[in-house]
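Number of protein chains: 2
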Amino acid sequence: MFIAMNRFKVKSGNEAEFEEVWKTRDSFLGEVPGFLGFHLLKGASADEHTLYSSHSTWDDQTSFENWTRSESFRKAHSGASSRKGLYLDHPQFEGFEVVI
Amino acid sequence: MFIAMNRFKVKSGNEAEFEEVWKTRDSFLGEVPGFLGFHLLKGASADEHTLYSSHSTWDDQTSFENWTRSESFRKAHSGASSRKGLYLDHPQFEGFEVVI
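Residue numbers (the working numbering), protein chains in the order written: chain Y, 138 to 237; chain V, 138 to 237.
Calculated from the structure, these hints are not laboratory results. Mixed in with the good hints there might be a few duds.
For identical chains, the list gives no copy identity; a pair is met inside one copy or between any two copies.
[As the list claims (entries may be wrong)] Each computed DMTMM-like pair below joins lysine to aspartate or glutamate, with the alpha-carbon atoms no more than 25 Å apart:
(1) K148 <-> E168
(2) K146 <-> D226
(3) K179 <-> E208
(4) K221 <-> E234
(5) K148 <-> E234
(6) K148 <-> E202
(7) K146 <-> E208
(8) K212 <-> E185
(9) K179 <-> E231
(10) K148 <-> E231
(11) K148 <-> D184
(12) K221 <-> E231
(13) K148 <-> D196
For clarity, every value in this text was computed on a predicted model and none was experimentally measured.
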């Protein structure tokens with residue numbers, strides 16, 4: 138199993154708008170081979186931002202990587218550039234292999 | 138739902154020993170109220186370390202915090218100090234509320 142996380146430092150005050158984007162988006166993930174599940178996670182707040190992370194679970198890393206090269210991925214991220222103002226820096230990707 | 142993660146920078150070369158510690162430990166988690174599941178995750182490697190993260194899932198943050206004050210927690214972490222040599226720095230805790 139493989140877990141893909143993308144960390145976002147959302148500017149303070151933008152939290153509700155950021156969550157709404159994720160709640161209302163069409164992820165096109167339902168029929169993607171090897172996809173198991175998705176969560177949006179809210180972490181700690183600092184002076185200027187709140188940490189969020191997307192959290193998707195896959196059969197294996199190959200399934201995730203195939204998705205990133207797919208038409209479903211392109212469609213799900215087509216509006217991403219317009220949302221850059223909501224967070225500091227670039228999102229930071231981390232992929233994890235499930236060992237236990 | 139709540140996800141508790143503890144990030145470890147395991148010194149290069151210590152990966153197998155670190156994984157073995159987790160595979161053979163007695164977590165005492167089975168009967169803890171609100172506990173849902175546990176994984177050990179292996180992330181990216183850098184020059185001097187490999188990132189690992191524990192990943193436990195809970196009904197809510199209160200269940201997790203109750204566990205950290207319990208006898209089960211104390212027993213599960215009783216050998217932790219002897220394993221400090223396996224990783225750089227202190228483990229870094231991050232807790233996440235599941236928003237979606």
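Give me the numbers of the hints this structure contradicts, sorted from smallest to largest. 1, 3, 6, 7, 8 and 13
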